[in-house]
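Q: Keeping their order, the protein sequence lines are chains A and B. Residue 362 in the working numbering sits at position 33 of the first sequence, and the numbers go up by one each step. Residue 123 in the working numbering sits at position 11 of the second sequence, and the numbers go up by one each step.
Don't read these hints as lab results, they were simulated from the structure. All C-beta atoms in this analysis are idealised placements derived from N, C-alpha and C, irrespective of residue type, glycine included. Please note that a few of the clues may not be correct.
Dumping the calculated BS3-like pairs for lysine-lysine here, alpha-carbon to alpha-carbon at most 27 Å [what the hints assert, rightly or not]:
(1) Lys444/A <-> Lys298/B
(2) Lys225/B <-> Lys524/A
(3) Lys224/B <-> Lys191/B
(4) Lys363/A <-> Lys276/B
(5) Lys593/A <-> Lys443/A
(6) Lys350/B <-> Lys300/B
(7) Lys401/A <-> Lys377/A
(8) Lys314/B <-> Lys505/A
(9) Lys318/B <-> Lys620/A
(10) Lys253/B <-> Lys363/A
(11) Lys312/B <-> Lys363/A
(12) Lys314/B <-> Lys376/B
(13) Lys344/A <-> Lys300/B
(14) Lys249/B <-> Lys351/A
(15) Lys350/B <-> Lys363/A
(16) Lys363/A <-> Lys320/B
(17) Lys191/B <-> Lys253/B
(18) Lys250/B <-> Lys125/B
(19) Lys250/B <-> Lys363/A
(20) Lys344/A <-> Lys191/B
(21) Lys249/B <-> Lys363/A
To spell it out: a stretch of chain B is covered by chain A in this simulated footprint if at least three of its residues, at any positions, have a beta carbon under 8 Å from a beta carbon of chain A; those stretches are [to be verified]:
(22) 170–180
(23) 183–195
(24) 214–223
(25) 291–300
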Amino acid sequence: MKVKKGIPLIDQHDKNGFYGGKFGGNYVAETLKKPIDDLSELFEKCRKDKKFLKERDDLYENYVGSPTRFFKLQNLTDHLGGAQIYAKMVSDANGGAHKIYNAITHAMLCKKAKKKYICTDTGAGYNGKMFSMVAKKFGLGCKVFMGTRDIERQKPNCDAIRKNGAEIVPVTSGSKTLVDAVSECIRYWVSNCDKVHMGIGSLVGPNIFVKICGWSTAQISRELKVQLEDEFGEIPNKLKLINCVGGGSSAYGFWSEFFDYNKKHIELIGVEAGGPKNSKLHAAPLSKNSKIGILHGAAAYCVQDNDGQISETESCSSGLDYPSCSPIHCFLKDVGRARYTVATDEEAFSAYKLVTELEEISPSLEPAHSFAEAIKIAPKLDESNIIIVNSCGDSLKDKDIIKKRLGNYIR
Amino acid sequence: MKSQISLAFEKCKRENRPALLTYTVAGDNSKKKSLEILKSISQHADILEIGFPFNAPTADGPQIQNSTYRALKNGFKLKDAFQIVKNYKKMRNAKPCILMGYYQMVYHYGEKKFIKKCKQVGVNGLIIVDLPWPDNKKFSKLCKKNSITFVQLISPTTSKERMKKIIRDSHDLNYLISMLSTTGGKLKVSPKRILKNYFKIKRINKSKNMVIGFGITNKTIGTLKKADGLVVGSALCKGISDSIKNRQNPVIKLNKMVEVLKNKII
Chain A
330 MKVKKGIPLI
340 DQHDKNGFYG
350 GKFGGNYVAE
360 TLKKPIDDLS
370 ELFEKCRKDK
380 KFLKERDDLY
390 ENYVGSPTRF
400 FKLQNLTDHL
410 GGAQIYAKMV
420 SDANGGAHKI
430 YNAITHAMLC
440 KKAKKKYICT
450 DTGAGYNGKM
460 FSMVAKKFGL
470 GCKVFMGTRD
480 IERQKPNCDA
490 IRKNGAEIVP
500 VTSGSKTLVD
510 AVSECIRYWV
520 SNCDKVHMGI
530 GSLVGPNIFV
540 KICGWSTAQI
550 SRELKVQLED
560 EFGEIPNKLK
570 LINCVGGGSS
580 AYGFWSEFFD
590 YNKKHIELIG
600 VEAGGPKNSK
610 LHAAPLSKNS
620 KIGILHGAAA
630 YCVQDNDGQI
640 SETESCSSGL
650 DYPSCSPIHC
660 FLKDVGRARY
670 TVATDEEAFS
680 AYKLVTELEE
690 ISPSLEPAHS
700 FAEAIKIAPK
710 LDESNIIIVN
720 SCGDSLKDKD
730 IIKKRLGNYI
740 R
Chain B
113 MKSQISLAFE
123 KCKRENRPAL
133 LTYTVAGDNS
143 KKKSLEILKS
153 ISQHADILEI
163 GFPFNAPTAD
173 GPQIQNSTYR
183 ALKNGFKLKD
193 AFQIVKNYKK
203 MRNAKPCILM
213 GYYQMVYHYG
223 EKKFIKKCKQ
233 VGVNGLIIVD
243 LPWPDNKKFS
253 KLCKKNSITF
263 VQLISPTTSK
273 ERMKKIIRDS
283 HDLNYLISML
293 STTGGKLKVS
303 PKRILKNYFK
313 IKRINKSKNM
323 VIGFGITNKT
333 IGTLKKADGL
343 VVGSALCKGI
353 SDSIKNRQNP
363 VIKLNKMVEV
373 LKNKII
């Protein structure tokens, strides 16, 4: 089991949709087999279609805004006194996070499939917001499934979703967070797959959704590769790419151009949500060695109890608060191409505090987890090391949580 | 040797009626009560489907979800489902039992161990909602080897070509999903159309029994009685919810409900 060179990682699955023979697959109800086959066929056709690609590139460039900025965090670097720290400001993207890339592809595919409605899930609200934006742009009806606990804690994004004319469907089952929102969204699709296109908001779900999402977010690393060459004249040695991992869509996008490099040349570090320091609960199936489980159509490391039920997770960050993770990240963990670790809620908040005090950026609580890891390792490394953090979301959606936790929120 | 499930269908055919299959969730609303419910409704039902709860179901409607969460809240464990079947099977004239649930529970328990345990406690069939053909080939063979019927699902979205392959690999029972819906949705397709589709599929191999499920209640069951068998699930789960709300005994309530259903198809 290893990463094949020269082939996009999303395409390195077997005929049943498994990566490394055991991660992923298509564990879905019979009703969804046909819609999934149809979508797979459509996607494979479109990704080879020059017109489709041109339209997508045009949207990425002019509507999302490409490239998102890449610059050095000089103050943070000086403060920590070790490795040089850079940020890739994916939060510059229209809407404020990387979720826009996947949303655009899904809206385009929805149009191609001649469907008038699109549905999706959301945790932090960013995916829901982006789907509502593109739905408005493309003239599609849009339903966003969201746990009631997340509706409470991510109000700014909910307001945006509603403002764009999309409907938020509150999900009250189970833990009332992302895991239940995805289940409910899939259930809705089972009942309405003839008329409605479903987009899953991360690098999870049945194989085709993993592929579409990874294919879309890969834009991030295409941009970064060019920016690295501009900045350094080459791809620098001793490079570390740090990204938070919930489902794992932004991490895949951030890393996708760099899997073929030796890990000593480019190290990939994924940071999962460790939850509150004193809590047993977390959302870190990769770092905490959870067993493989079947959730939302795919086999992946998944936080579960002794009886096989999916366990509750806990994190200050809604976007990382998911018990499972992408089959691709499971594969990367097992082959040793990426390293996964955790940051606790407390570490994420202090990282947010330090970064916003020193720099003119304001990452949301998801990338605050990545900054926490950067802050941990930078002082131990010398300046020949380059750390790049994907600042994949803007803090505005977290203003209430931050205010409550740190006393104030200034933006 | 014919399976208990096949024998149950033969008996119904001799009586010139479809088989009545019930679905209730193991452990709803308690381990004890769910066993009592099975014992009680087996007076009228021909085959009992028993759900083993999973807390991230992707194809269940609200009624079955309520039952599932109720069972889990009461501390239900997978071993309890096996125990319930085992105890139920001790009664005289016990009916065939089909366990139904999601693959995660099987995967976590271990495929071989799961099937072995099923055989040990007397489970006659298995429905794994999210293990569609062809991914279920290996598992289904393993079931057959242990004399357990693996029930294949067919949906309105299944293509004819795919149907033929599914039925070719199927055992003695298939399950037709009546419409595009999670369980317990309102029947949004006319019974006439469902039956037309049913007989079209039935022609592929007449020797295999096929039941219809999803959206069947006491209002609609009579219109579908030409099928080999009919499954009622969500309506019964709702019955349990209602009886709890009204402080009635769910055992008595469900017995009455299943009796009414049976009377509609005689």
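Q: Does each hint hold? Answer for all of them.
A: Outcome of the hint check:
| no. | hint | in the structure |
| --- | --- | --- |
| 1 | Lys444/A <-> Lys298/B | 23 Å, holds |
| 2 | Lys225/B <-> Lys524/A | 41 Å, violated |
| 3 | Lys224/B <-> Lys191/B | 15 Å, holds |
| 4 | Lys363/A <-> Lys276/B | 15 Å, holds |
| 5 | Lys593/A <-> Lys443/A | 47 Å, violated |
| 6 | Lys350/B <-> Lys300/B | 19 Å, holds |
| 7 | Lys401/A <-> Lys377/A | 36 Å, violated |
| 8 | Lys314/B <-> Lys505/A | 42 Å, violated |
| 9 | Lys318/B <-> Lys620/A | 43 Å, violated |
| 10 | Lys253/B <-> Lys363/A | 24 Å, holds |
| 11 | Lys312/B <-> Lys363/A | 19 Å, holds |
| 12 | Lys314/B <-> Lys376/B | 23 Å, holds |
| 13 | Lys344/A <-> Lys300/B | 35 Å, violated |
| 14 | Lys249/B <-> Lys351/A | 16 Å, holds |
| 15 | Lys350/B <-> Lys363/A | 30 Å, violated |
| 16 | Lys363/A <-> Lys320/B | 23 Å, holds |
| 17 | Lys191/B <-> Lys253/B | 23 Å, holds |
| 18 | Lys250/B <-> Lys125/B | 32 Å, violated |
| 19 | Lys250/B <-> Lys363/A | 21 Å, holds |
| 20 | Lys344/A <-> Lys191/B | 34 Å, violated |
| 21 | Lys249/B <-> Lys363/A | 18 Å, holds |
| 22 | 170–180 | holds (count 5) |
| 23 | 183–195 | holds (count 3) |
| 24 | 214–223 | holds (count 7) |
| 25 | 291–300 | holds (count 4) |
Violated hints for the displayed structure, listed by number in ascending order: 2, 5, 7, 8, 9, 13, 15, 18, 20.
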